[in-house]
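A.B. asks: Given these sequences and hints, build the entire structure.
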Amino acid sequence: MMAKKKNEIVVHGEMRLDESLIYENVVSIIETRKTNAGAYANREVTLMYWEVGHYINVNVLGDERAGYGKKILPSLAAKLMSKYGKSFTERNLYRMMLFAERFSDAEILPPLAAKLSWCALGMSDNLAV
1 MMAKKKNEIV VHGEMRLDES LIYENVVSII ETRKTNAGAY ANREVTLMYW
51 EVGHYINVNV LGDERAGYGK KILPSLAAKL MSKYGKSFTE RNLYRMMLFA
101 ERFSDAEILP PLAAKLSWCA LGMSDNLAV
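So in our numbering, the last spot in the sequence shown is 129, and the numbers never skip.
Treat the hints with care, as some may be off.
[Claimed, not checked] Once the Cα atoms are required to be at most 30 angstroms apart in a straight line, the calculated DSS-like pairs of lysine-lysine come out as:
1. Lys71 with Lys86
2. Lys34 with Lys83
3. Lys71 with Lys83
4. Lys115 with Lys86
5. Lys83 with Lys115
6. Lys34 with Lys115
7. Lys86 with Lys34
[What the hints assert, rightly or not] With beta-carbon atoms standing in for the labels, derived distance ranges:
8. Ile29 with Tyr55: 35 to 43 angstroms
9. Val26 with Ile72: 47 to 55 angstroms
10. Ile22 with Ser104: 21 to 29 angstroms
11. Ile22 with Asn59: 51 to 59 angstroms
12. Leu17 with Arg91: 48 to 56 angstroms
13. Asn36 with Asn59: 30 to 38 angstroms
14. Lys34 with Ser104: 30 to 38 angstroms
15. Arg91 with Ile22: 18 to 26 angstroms
16. Ala114 with Leu17: 35 to 43 angstroms
17. Glu19 with Ile108: 45 to 53 angstroms
18. Arg102 with Asp18: 48 to 56 angstroms
19. Gly85 with Thr35: 22 to 30 angstroms
20. Lys115 with Arg33: 28 to 36 angstroms
21. Ala78 with Glu107: 29 to 37 angstroms
Derived from the structure by calculation, the hints contain no laboratory data. Note that the coordinates shown come from a computational prediction; the quantities given were computed from them, not determined experimentally. Where a beta carbon is used, it is the ideal one built from N, C-alpha and C, also for glycine.
C.D. replies: Structure representation (structure tokens):
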């Protein structure tokens, strides 16, 4: 008689694969990769929101809350929302700016983004990419 291998069962003298074990292993692979993909996507979204906020703070407003910002943000938000949806409302742009202001050190941001989520920062209203 042949030795039984992992993932095999013997039925009437024939070797057959254990389908339930194969299924469980494939499900485990899928779930692990989905979790990893979700964590990666969350990190990238967090970095994207920081970059948007940082760009507006530094390059558009010059780190000032000038009247210009009150004029440009509604227009920018309207254009971004028409292209990307509700994630880029004026309110959310302000939140992105605040996020970039509070976490101003760009060097610590990538490892921090891996641990933070946009939701954990309290900035999750309608934020989906």
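A.B. asks: Confirm or reject each hint.
C.D. replies: Here is how each hint holds up against the structure:
{"no.": "1", "hint": "Lys71 with Lys86", "in the structure": "19 angstroms, holds"}
{"no.": "2", "hint": "Lys34 with Lys83", "in the structure": "27 angstroms, holds"}
{"no.": "3", "hint": "Lys71 with Lys83", "in the structure": "20 angstroms, holds"}
{"no.": "4", "hint": "Lys115 with Lys86", "in the structure": "24 angstroms, holds"}
{"no.": "5", "hint": "Lys83 with Lys115", "in the structure": "29 angstroms, holds"}
{"no.": "6", "hint": "Lys34 with Lys115", "in the structure": "17 angstroms, holds"}
{"no.": "7", "hint": "Lys86 with Lys34", "in the structure": "25 angstroms, holds"}
{"no.": "8", "hint": "Ile29 with Tyr55: 35 to 43 angstroms", "in the structure": "38 angstroms, holds"}
{"no.": "9", "hint": "Val26 with Ile72: 47 to 55 angstroms", "in the structure": "51 angstroms, holds"}
{"no.": "10", "hint": "Ile22 with Ser104: 21 to 29 angstroms", "in the structure": "51 angstroms, violated"}
{"no.": "11", "hint": "Ile22 with Asn59: 51 to 59 angstroms", "in the structure": "54 angstroms, holds"}
{"no.": "12", "hint": "Leu17 with Arg91: 48 to 56 angstroms", "in the structure": "55 angstroms, holds"}
{"no.": "13", "hint": "Asn36 with Asn59: 30 to 38 angstroms", "in the structure": "33 angstroms, holds"}
{"no.": "14", "hint": "Lys34 with Ser104: 30 to 38 angstroms", "in the structure": "33 angstroms, holds"}
{"no.": "15", "hint": "Arg91 with Ile22: 18 to 26 angstroms", "in the structure": "49 angstroms, violated"}
{"no.": "16", "hint": "Ala114 with Leu17: 35 to 43 angstroms", "in the structure": "38 angstroms, holds"}
{"no.": "17", "hint": "Glu19 with Ile108: 45 to 53 angstroms", "in the structure": "48 angstroms, holds"}
{"no.": "18", "hint": "Arg102 with Asp18: 48 to 56 angstroms", "in the structure": "53 angstroms, holds"}
{"no.": "19", "hint": "Gly85 with Thr35: 22 to 30 angstroms", "in the structure": "25 angstroms, holds"}
{"no.": "20", "hint": "Lys115 with Arg33: 28 to 36 angstroms", "in the structure": "20 angstroms, violated"}
{"no.": "21", "hint": "Ala78 with Glu107: 29 to 37 angstroms", "in the structure": "34 angstroms, holds"}
Hints 10, 15, 20 from the earlier list are contradicted by this structure; the remaining hints agree with it.
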